[in-house]
Amino acid sequence: MKFNIEDLPVLFPYPRIYPEQYAYMCDLKRTLDAGGHCVLEMPSGTGKTVSLLSLIVAYQQYYPEHRKLIYCSRTMSEIEKALAELKALMKYRADQLGEEEEFRGLGLTSRKNLCLHPSVKKEKSGAIVDARCRSLTAGFVKEKKERGEDVDFCVYHDNLDLLEPHSLVPNGVFTFDGILKYGEKHKQCPYFTARRMMPFCNVIIYSYHYLLDPKIAERVSKELSKDCIVVFDEAHNIDNVCIESLSIDLTEDSLRKATRGANNLERKITEMRSSDAEKLQNEYAKLVEGLRDADEAREEDAFMANPALPDDLLQEAVPGNIRRAEHFVAFLKRFVEYLKTRMKVLHVISETPPSFLQHLKDLTFIEKKPLRFCAERLTSLVRTLELTNIEDYQPLQEVATFATLAATYDKGFLLILEPYESDTATVPNPILHFTCLDAAIAIKPVFDRFSSVIITSGTISPLEMYPKMLGFTTVVQESYSMTLARRSFLPMIVTRGSDQSAISSGFQIRNEPGVVRNYGTLLLEFSRLTPDGVVVFFPSYLYMESIISMWQGMGTLDEVWKYKLILVETPDSQETSLALETYRTACCNGRGAILLCVARGKVSEGIDFDHHYGRTVLCIGVPFQYTESRILKARLEFLRETYRIRENDFLSFDAMRHAAQCLGRVLRGKDDYGIMVLADRRFQKKRTQLPKWINQALLDSDTSLSTDMATASAKKFLRTMAQPFSERDQAGVSTWDSKDLERHKEKMEQEKIRELRNGGGKMEVDGVDGVDGHVNGQNGMNDDFEDEDMDALMRDVDAD
Amino acid sequence: MSRAPVRNGAAPRRPGDEDDICPVCKSSRYLNPSMRFLVNPECYHKMCESCVDRIFSHGPAPCPVAGCARTLRKARFRRQTFEDLHIEREVDIRRRVAGVFNKREEEFESLRDWNNYLEEVENLTWNLLQGVEVKETEKKLDAYRRQNEAEIKQNAALESQEIADSEAQFAAQKEQARLRREAARNEELDERREKEEGRREIIDMMAKGDGDADAIARESQKVILKKSTARRTAAEKSRQQAAAKVDNGAAAAPLFSIQGLKRIPQSVPEKEYDPFGGYAIKPAYYYLRDHYEHSWLDNARSDAQITAGGYDVGEYCARAIMEASGGLGVFIEDEIEGREKRVEKEVGTASAAIASGGGGEGVDGDVL
Ligand code: SF4
Ligand SMILES: [Zn+2]
Ligand SMILES: [Zn+2]
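Line order of the protein sequences matches chains S and A.
In terms of our numbering, the first sequence opens at residue 1 and continues consecutively.
In terms of our numbering, the second sequence opens at residue 1 and continues consecutively.
Treat the hints with care, since some could be wrong.
Under the rule of at most 27 Å between Cα atoms (straight-line distance), these lysine-lysine pairs were calculated in the DSS-like manner [to be verified]:
no., chain 1, residue 1, chain 2, residue 2
1, A, 174, S, 344
2, A, 140, S, 685
3, S, 369, A, 174
4, S, 286, A, 103
Honestly, the hints are just simulated from the structure, not real lab data.
Treat the numbers as computed from the prediction; the structure is a model and nothing was measured.
The task is simple: from the sequences and hints, build the whole structure.
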């Protein structure tokens, strides 16, 4: 369908649109117009991706700036989905407009998924594919080839040089499959095609890491211009991604390997001194001049890039005492040796980077400045030495990155040395964690660089937490409710077992037989009444194991077994995918199944249980993090001191976002239905932290149920769901066609006029309430109005 | 970097495990678990403590390791810091070089000169390390030392001053972090207690049975809320004060740092004492007239009964107008924002160190 948002004509590839999609698009447009950031929470299964894409593409094509869209998602499958949506959208646009637009959309993923080289692509590990590809495509390989030397190279890569650099692929949207096929047909490498075409694309879809991980971002995303529109989808975990991308763990083993790497480097240098001293001399001369390597810019695939260095530092010349290759390797060795010494300490140490640097200097006379240049200097050296088996130097690279980070940031990072694996271990096995405490550091360059960053997810409540943690301000911050023609999902909080005693996964009582039995009964009841699939989430593997074994002893599982097949998620991903497959089969053939999994596991994040794959989701216990971890403690402290986020607030926020993720798994569309059970006494108080759309559907009477009440209510719900329900009933309420939309717009228009008329006086009274207040007020109206409509309809349905 | 830490499954080799046999007396750790190894920076040959006692107790003696035969003194034996003895030696040499070549970056005209100097020094060190042209290098070192004695001393003093400064700063940060932690904990306890009390009150009131239960609950809820906001503002205030204190401390610090030393501090003529600390009470939003025409004030101006007591109409007018314009220019949003910005990440990081257990101490005691 086709409609206008203000002056912007939008083509939406479906005949009907959900009211929340329309609201979402309006807010998106507002954000883009204002040129700021926003946080938007859109209920899962309401077509977030397609609304996002159709609005932004419309925006791109309509306004002369043609702002580029960078769409980041988390998993490979989500990226693929988005690409497919985009492709469909562009096809629809072409049909409607009667012509193909000048438009390119590409996705980027690792070489592992995009390689065509017959032997390289067979490698199992991504790191090896990367390393092997580099050895086939590095700049010096080409030089050697031109000189007529006999070297291994990749034709797919070299063919690219024969094409025009700005049009390696024709217009259109390429899914991963599509680009692989195209690459195979034209014998050109899909990975480098995508990489090189990035500056010429209108839409780029890739994983978070390409923007957030400074090592990758520096290389992949640096040409992107400032007015790009950046979208982080499924962003509820974005703070953790940021933190992980700047944290490093070192073990004794990795240090040993680093030493080995340094020794190798030393040998290579000696070799080169005797055979090709000129190259080393060239490098040295360049470093003296403080010139960035001219090739560097062209080099698509340097060994590694510098992690998040301030720009002014990047312009500076490398310090004199690590200019010569020999000096630098000796420097590295000394640093690694120092780290080894630190590892010998047998008690826990946590210190800030400045204190670490001071101690380092006292002991080894390593200054902060050369340390800062470590990563960059190593890259340059590796390039000069023309090393091919780069994977051998990975541990050394890690040490160099660590050095650079530790010398660059004195705030927001912490070094924690844990000599023992656990509190009870007697044999030391030390790990040095260099951990980032401040999620804002990694994402700051993104906010600084791009004018519009959109952070969105199905569950991203409470909204104000994210700007706080990530250090940015928003122009729009909105959570949408779900308009439904009938109540198609039933959230419930179960606080008591059938014997009326409280149930909870709290530490004191989690292993009491009474509580475990009550949970068992709950599971049994729901396995009995739910058709097809049931998904159960536990707070941790440990707890899941213990409770399963207790259920086994009580005979609960035998009972459940009569109704459903039981499958369990394990930390091993292969096993889990097997379990999932079996689960799906059992759901399809009518046997029905239960999947027991963990709230922070793989299943809870990436796997959808739409329709019969998940009719009930059962959250057993509040999925709190393991609070004894030192890293977490440090982070909590930092959050409290820096952002005034209290420990308990953060922990509870974190637990609830995971719970919400779990709940969202079963509802993947408006025609879907499901029961969501939160089984813990403590959920009652945390209710407000649920996403708005879930919280709104949660009736007050359902917030403190016992098992039998919950069962009764669930049965009733399923009975309503079994009534025939046709598309028509939804029309005009939870889905709009063009006419409904027009009507809605008209109504809004009138609202606005009315508001202006009586609001005119009001504005004068409290002038503080400026423009923002006005707009918000309008939105509020909108919601109320819809709710009323919905309520009316619900009543009708009930009456039937 | 997001890789999970891979701990190697096998029991890790502790440093020194593999060569647990003293090369001199051949006794092994197996027989003598408390055996400790020492090295002498003369030749870096390793031997056990008892050997050192046995051989060198009666004065200097030649190194017992075959083919070495340097004369060693017991006093100079020490435990090794680094597992790799080459590094141990390297660091000793570096210490010596750094004691002589301690020029500072700000002494150089340009960054390039500084870098050249650094490389020059590194070359010298390198020669000593690799044992090439040792004699000449030593000579250079010596000559330089003699030439620049005064300067070297001065730079060394600066350096140690800097270290002391930064240590003092670490300590201050840590102390502040500790205080803040404590404050936060107390705050939390207070809050919990208050909530508990509030709840009890409600129950009591309900038990007494007068009034509508809902109303009571609502009313008390309000009271609790009020209390907690009051407490929070108080806590915020004290926090700000603490932050201000630290700011002042930091402002005082640069006096000790290098720049301060170079600049010859000028004595500033003392300013006149201002009891308000520069704060002028001048009306910003209105203009005070000498005389306000009001018929009902005339009486107060002229009546001796009123003026005798010292009542002044001018005073009264001034106050009335000031009160009327009192809140102008106060923007709560801005103030709140400013308050939040005040937070320092340093302290956050320092206290994170404490929270994560290690106490944030250095390690010197253990390593050395
Ligand atoms: S250039 Fe492309 S096809 Fe060739 S090895 Fe690398 S990724 Fe594979
Ligand atoms: Zn001995
Ligand atoms: Zn000796």
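The hints, checked one at a time:
Between residue 174/A and residue 344/S, the direct Cα distance comes to roughly 25 Å. Compliance with the 27 Å bound is thereby established for this hinted pair. A distance of roughly 76 Å separates the Cα atoms of residue 140/A and residue 685/S; the hinted pair therefore is violated under the 27 Å criterion. With a CA separation close to 25 Å, the supplied pair residue 369/S and residue 174/A stays within the 27 Å bound. Between residue 286/S and residue 103/A, the direct Cα distance comes to roughly 25 Å. Compliance with the 27 Å bound is thereby established for this hinted pair.
Of the numbered hints given earlier, the model fails hint 2 alone.
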